[in-house]
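A.B. asks: Make the full structure from the sequences, and use the hints.
The residues making up each chain are set out below.
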Amino acid sequence: MTIVVASGKGGTGKTTVSVGLARALDAEVSLLDCDVEAPNTGLFLREAGAPARARRFTVPVPRIDAQRCTGCGACAAFCAFGALAVVRDRVLLFEDLCHACGGCTLVCPTDAIDEVPHAIGTITITETPGLFHVTGELDVGQTLAPPLIRAVKQTVGATTSVTIIDAAPGTTCPVVEAARGADVGLLVTENTPFGLHDLELAAQVFTDLEIPAGIVVNRSGIGYGDESRLLEISGRFGFPILMRIPFSQAVARGYADGANILDSMPGLRDGFARLYNDLVRIGAAS
Amino acid sequence: MDTEAVIMTVCITTATTEPGARMDTRFGRSPYFTFVDTESGEVKIEENPFAGGSSGVGARVGQFIAEHGTRALIAAQVGPSAHAVLEAAGIDAYVSHAETVHDALAEFKEGKLERITEPSNAKHSGRS
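In the order they appear, the protein sequences are chains A and B. According to this note's numbering, the residues represented by the first sequence are 1 to 286, in order. According to this note's numbering, the residues represented by the second sequence are 1001 to 1128, in order.
Since the hints were derived computationally from the structure, they do not count as laboratory data. Each hint should be verified, as a subset may be incorrect.
As the list claims (entries may be wrong) - Computed Cβ-Cβ distance ranges for the label pairs, DEER-style: (1) ARG53(A) x GLU1118(B): 34 to 44 Å; (2) GLY221(A) x THR1016(B): 15 to 25 Å; (3) GLU1087(B) x PHE78(A): 21 to 31 Å.
What the hints assert, rightly or not - Residues from chain B shown here face chain A by an in silico Cβ test under 8 Å; the list is partial: (4) ILE1045; (5) GLN1063; (6) SER1081; (7) ALA1088; (8) VAL1095.
No residue lacks a Cβ here, since even glycine has one placed at the ideal position from N, Cα and C.
C.D. replies: So this is what it looks like as structure tokens:
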């Protein structure tokens, strides 16, 4: 069973919920941090001293054999990303624009292009009892998130029964890549204008991806005076509100100290267990 | 270089063509380019096919003007990818803030323009 936690608006509490759910479950869990531009699940898991292994993640980029290259320009003409330019029979490669599609190697008429690995990020695996924690992190200055996210999603613990994916905020390519193929989604929102505006966008993405989802309202109690707009969105998309986490300064103070939500609000453990059962039901119903 | 004497194709970034061609302050996303053959005086204005692109534009436009036989470019600024391509192509870039293409060309022919030796900004890649 794979659950993807997304939001729309940033800062609503995706990581809080992913970590809370991962820690509350009595199962072998893989927690995959797919917010590869700014992964932060590790901040809330007590992993000091736990065995961790890291590997560099690479994408294949072209290497041009100057002897075989005739300067015909076919590679540059094909590249959809402007990563290649051919001037005076010389090929210029802009590695950071390359999307590693491999197209240039195919269209070169003289077989002058082969592919070499170009490191753009790191995948780190940390194991603690019951939790297989994977973090993908792009190097500073790199922007090619989707291939790294795909690689993180393929890194699941051998004994895992539940996979929780912490997606990036927003509704762009990294979120779509993180969510694609999940059994069920969990949209974390807050009952504020920005929260609900972006919840609608995220709900539309999940509808387009045909992933059933439920909603968690974090910091419940703040924002709009009532939940009428939130309920309308929930009803319109068919995504039920599964949990409300009340606003609490104690949680915010704990968060600032790196405590996770179950440390600050132990009573939520049962709530997360019920949330999981609801998600299983939603995933099965579709 | 004695710009008055050398025969070449000069490229000037162009924002509009009507009523008189005005210079554009951008290079990669300049909507048009004016190509002037300094020998025959022939003037060609061409649409920039990459102007609407989201990324990878600078290098492609550099290649585009190189394919037109450009030897000198007149622009307000040139980005890092374009700069690399222009250098490789042997195209000299000159800075001008003239309002019209006509004025920019006149400044060039009078040898008043300075070379652009560095790109305008640091490299950044991908969608911004």
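A.B. asks: Taking 21 to 31 Å as the stated bounds, is the beta-carbon spacing between GLU1087(B) and PHE78(A) within them?
C.D. replies: holds, 24 Å
A.B. asks: Using the nearest Cβ pair, does GLN1063(B) come within less than 8 Å of chain A?
C.D. replies: holds, 4 Å
A.B. asks: Let me know if the C-beta of SER1081(B) comes in closer than 8 Å to any C-beta of chain A, holds or violated.
C.D. replies: Holds: closest Cβ of chain A sits about 6 Å from SER1081(B), inside 8 Å.
A.B. asks: Take the shortest C-beta to C-beta distance between VAL1095(B) and chain A; is it under 8 Å?
C.D. replies: violated, 21 Å
A.B. asks: Is the hinted range of 34 to 44 Å satisfied by the C-beta distance from ARG53(A) to GLU1118(B)?
C.D. replies: Holds, since ARG53(A) and GLU1118(B) (Cβ atoms, about 43 Å apart) stay within the stated range.
A.B. asks: Do the beta carbons of GLY221(A) and THR1016(B) sit within 15 to 25 Å of each other?
C.D. replies: Since GLY221(A) and THR1016(B) have Cβ atoms about 56 Å apart, the given range 15 to 25 Å is violated.
A.B. asks: Please verify that hint: ALA1088(B), Cβ, nearest Cβ of chain A, below 8 Å or not.
C.D. replies: Hint holds; ALA1088(B) Cβ to chain A Cβ min 5 Å, cut 8 Å.
A.B. asks: Less than 8 Å between beta-carbons is the criterion; does ILE1045(B) satisfy it with respect to chain A?
C.D. replies: The hint is violated - ILE1045(B) has no Cβ within 8 Å of chain A, the shortest such distance being about 23 Å.
Hint check: violations occur at hints 2, 4, 8; the rest are consistent with the structure.
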